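There are 2 protein chains.
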Amino acid sequence: MAEAVEKLTKKSEDPSKWYLQLVRMAKLADYGPVRGTFAIRPYGFEIWERVQRDLDDRFKATGHKNAYFPLLIPESYLKKEAEHVEGFDPELAWVTIGGREELEERLAIRPTSESIICDFYKNWIQSYRDLPILINQWCNVLRWEKVTRPFLRTSEFLWQEGHTVHATAEEARAETLQMLNVYQDCFHEAMAIPVLTGVKSPSERFAGAVETFTCEALMGDGRALQAATSHDLGQNFAKAFDITFLDEQQERVHPYQTSWGFSTRTIGGLILVHGDDRGLKLPPRIAPTQAVVVPIWRGNNKGEVRREAEALYSELKDAGLRMEVDLDEEHSPGWKFNEHELRGVPVRVELGPKDIEKGQAVLVRRDTREKEFVDRKELAVRLQALMGEIQENMLRQAAAFRHENTRQAESYDEFKEIIAEKRGFVVAPWDGTAETEQKIKDDTKATIRLLPFERQDGEDLVSGKPGQTAVFARAY
Amino acid sequence: MAEAVEKLTKKSEDPSKWYLQLVRMAKLADYGPVRGTFAIRPYGFEIWERVQRDLDDRFKATGHKNAYFPLLIPESYLKKEAEHVEGFDPELAWVTIGGREELEERLAIRPTSESIICDFYKNWIQSYRDLPILINQWCNVLRWEKVTRPFLRTSEFLWQEGHTVHATAEEARAETLQMLNVYQDCFHEAMAIPVLTGVKSPSERFAGAVETFTCEALMGDGRALQAATSHDLGQNFAKAFDITFLDEQQERVHPYQTSWGFSTRTIGGLILVHGDDRGLKLPPRIAPTQAVVVPIWRGNNKGEVRREAEALYSELKDAGLRMEVDLDEEHSPGWKFNEHELRGVPVRVELGPKDIEKGQAVLVRRDTREKEFVDRKELAVRLQALMGEIQENMLRQAAAFRHENTRQAESYDEFKEIIAEKRGFVVAPWDGTAETEQKIKDDTKATIRLLPFERQDGEDLVSGKPGQTAVFARAY
Chain Y
59 MAEAVEKLTK
69 KSEDPSKWYL
79 QLVRMAKLAD
89 YGPVRGTFAI
99 RPYGFEIWER
109 VQRDLDDRFK
119 ATGHKNAYFP
129 LLIPESYLKK
139 EAEHVEGFDP
149 ELAWVTIGGR
159 EELEERLAIR
169 PTSESIICDF
179 YKNWIQSYRD
189 LPILINQWCN
199 VLRWEKVTRP
209 FLRTSEFLWQ
219 EGHTVHATAE
229 EARAETLQML
239 NVYQDCFHEA
249 MAIPVLTGVK
259 SPSERFAGAV
269 ETFTCEALMG
279 DGRALQAATS
289 HDLGQNFAKA
299 FDITFLDEQQ
309 ERVHPYQTSW
319 GFSTRTIGGL
329 ILVHGDDRGL
339 KLPPRIAPTQ
349 AVVVPIWRGN
359 NKGEVRREAE
369 ALYSELKDAG
379 LRMEVDLDEE
389 HSPGWKFNEH
399 ELRGVPVRVE
409 LGPKDIEKGQ
419 AVLVRRDTRE
429 KEFVDRKELA
439 VRLQALMGEI
449 QENMLRQAAA
459 FRHENTRQAE
469 SYDEFKEIIA
479 EKRGFVVAPW
489 DGTAETEQKI
499 KDDTKATIRL
509 LPFERQDGED
519 LVSGKPGQTA
529 VFARAY
Chain E
59 MAEAVEKLTK
69 KSEDPSKWYL
79 QLVRMAKLAD
89 YGPVRGTFAI
99 RPYGFEIWER
109 VQRDLDDRFK
119 ATGHKNAYFP
129 LLIPESYLKK
139 EAEHVEGFDP
149 ELAWVTIGGR
159 EELEERLAIR
169 PTSESIICDF
179 YKNWIQSYRD
189 LPILINQWCN
199 VLRWEKVTRP
209 FLRTSEFLWQ
219 EGHTVHATAE
229 EARAETLQML
239 NVYQDCFHEA
249 MAIPVLTGVK
259 SPSERFAGAV
269 ETFTCEALMG
279 DGRALQAATS
289 HDLGQNFAKA
299 FDITFLDEQQ
309 ERVHPYQTSW
319 GFSTRTIGGL
329 ILVHGDDRGL
339 KLPPRIAPTQ
349 AVVVPIWRGN
359 NKGEVRREAE
369 ALYSELKDAG
379 LRMEVDLDEE
389 HSPGWKFNEH
399 ELRGVPVRVE
409 LGPKDIEKGQ
419 AVLVRRDTRE
429 KEFVDRKELA
439 VRLQALMGEI
449 QENMLRQAAA
459 FRHENTRQAE
469 SYDEFKEIIA
479 EKRGFVVAPW
489 DGTAETEQKI
499 KDDTKATIRL
509 LPFERQDGED
519 LVSGKPGQTA
529 VFARAY
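Just so you know, the sequences run in chain order Y and E. Numbered according to the numbering used here, the first sequence spans residues 59 to 534. Numbered according to the numbering used here, the second sequence spans residues 59 to 534.
No lab work stands behind these hints, which were simulated from the structure alone. Keep in mind that this is a model prediction, so the values were computed, not measured. Only true hints are included.
No distinction is drawn between identical chains; accordingly, a pair holds when it is met within one copy or between any pair of copies.
Derived DSS-like pairs: lysine-lysine, alpha-carbon spacing no greater than 25 Å straight-line: (1) 118 - 85; (2) 123 - 394; (3) 360 - 394; (4) 180 - 65; (5) 123 - 85; (6) 180 - 85; (7) 394 - 85; (8) 394 - 65; (9) 118 - 375.
Generate coordinates for the entire structure from the input sequences, incorporating the hints supplied.
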């Protein structure tokens, strides 16, 4: 038996190396030939599919419909909203030849779809009766990136982008906040990732938005990840693209828009928040495999143990659990334990000849590594319950980690020391100016992740001027 | 009440105009700014989502997993398989600028993904233990088209492309045929579209394939639509991309591959097969709305009828039917009847004051326009059953139409006459040469749609040489 196993770097020793190695070893993604492009491999994609299904159900439950808009955006469309094009122009990929002919106008591969969608909405919206428009799109987008990392920052990525249109500013704002909450619920309930929500500072706002709201998560290495954003676009795009409607008073006015997005980047967040020195740790709600049966046999009882393991697998699968059984004969049980821990399978079900004799099986949790011996007859019910317990515990652990790594800074020196030595979220008052924001960034590489919804006043640590509390961190 | 209604052109009078108008009026799709690009609107997309879900379940049930591969393919990759690049080169869109810099090598937007996927597979496959690879991808692809029509032929379209790798030629062939059957089942069971299956002639083969199998459907205007294809790629791509594996005898050999695709083009087929002068006709299995409650009120009983209609809607929805209730006060019931017929909703549930009094409702089928009065207590059960009956009847009707429009030609004159005057499928022997195939195409615009699996010998109508039966038609 060849047991040559590549050893995973310790997360605590070199989180960056650990991340890249884990993505490869767990077969989550692989590098493409064009810089910054990746293939999402079946195991990684199945996680994304489950997150996608969870979010999509939430979108539909809040009245949204899916649609699909073109990939290619003419340059003139992108240019209509001035801030928007300025924000995205450096990252665009341009199609200049089609069907063997030089194109008259070059076409951008969508970096986001506001500009092309507005062109359709202009025709679809005539009267207040056509509003609201509540549309979402699942698609690929492309932003030419210099430094990339699988899932976290890739040139091409998969995401959903919601684009809604409303008759009033109040309605658009309510929608923006509703979708922020939908994201938060998905992070908490499906991905077991606690996120802070709040408002972005003007410098971090989406190009063309009136206000950007964000979900910020804290990774295991103390850096923040902007996990999803929801934008109140006001009338900016409606004016730039000349979208109008006849209101109930028969007046022609501009509507109010929102957009909100959530991408495959969150899979990177999932790896970084929950993963440990042994590998991935997947929340049961979105784990492709919730439990794996590993038979423990010797030469003389292989037949019986194999049969029993297969029977147990079928039984648990029929009970509605997403199961695997590892009947591989090349590797030892120990090798398999490591492999399935690396893959983050929430529970391992061990079954050996003694267990069969006693009518039991051994459950080993991935999150706590606790073992329990469970009567075979109670196994399905116990496993089902365990899924809920693990899901809950993973969220609790991540929340505790965030709590430990969220610190109040009383002086700028303390601020700098925390960022340099401990990282995590630092809570400190900010005077609201781009100048102090920039100075902090230059000094510490920390940026304002968000302004909490509950306003708290205080004195800016840099300028001493009055301001309100902001949450800072170094970010991915 | 403004009842100005655009009138749908009769399908029999001008099928082409009818098609374009229906796509617009039923809000299925809309034209994009770049030639040949379209937005799929929510109603059209919801049909696609249901087809997609149906197919995806079938793929998973046959052991396939989803993954995602990059959109951009370097030119050198496309050139590796000679026939492949020759087939696709005229239709490519090229990215030449990224991140404000001219690229060293231009990048094609994928027209199909064999070439880039092979590059990944080359690294993923080392030993026979890595086989088979059974991967599918749902994505957008782009082929620069000159003449386009929503769904049927668009530059960008959505599809799935399966890409599998096997140790033996037999296994690859079995997979190719299995997926052809999966497509056929989806067409029959979900879309109520009867398809003929068979082999493509060499001239219609996928660029780079050893053999292409096809599902061909007959549209309402007597033209054929290639609805889905499954390709046995043999070792062509494995050799071109240098994919090898160590077999059980420890010899390094090339594996065998397949690919198979099904696109949004089928939504065009759905419209053309089932639609009639009143509009769309959707099979219940994939209809976004299976039944719509239309209340029939007058001024004096509006409140009561409205309440009852809402109650009925909730009741039927709770019973698991996909329901709508049309409470619009702008339009008359007659207007609504037309509207929901145009949208192809399988059943209309009429509810007026007399029906409420009698404890009944009126069901009107979209497919046969038959009416039935059903006791309110039995309504949910009756509607559920009706869904099955309509689904079955739609397949039967389409199959009967195809049967009537499939003709045996005994002479070339007869062949030409059928194609010119009646269209439909024409069954005739073919000598297997590209010359007669081309002559028939030049003379009649008819092409060989497929060679049936059951070989039938006969004399070629053009050359008089011995051959085997082929199915000809003019195609979309």
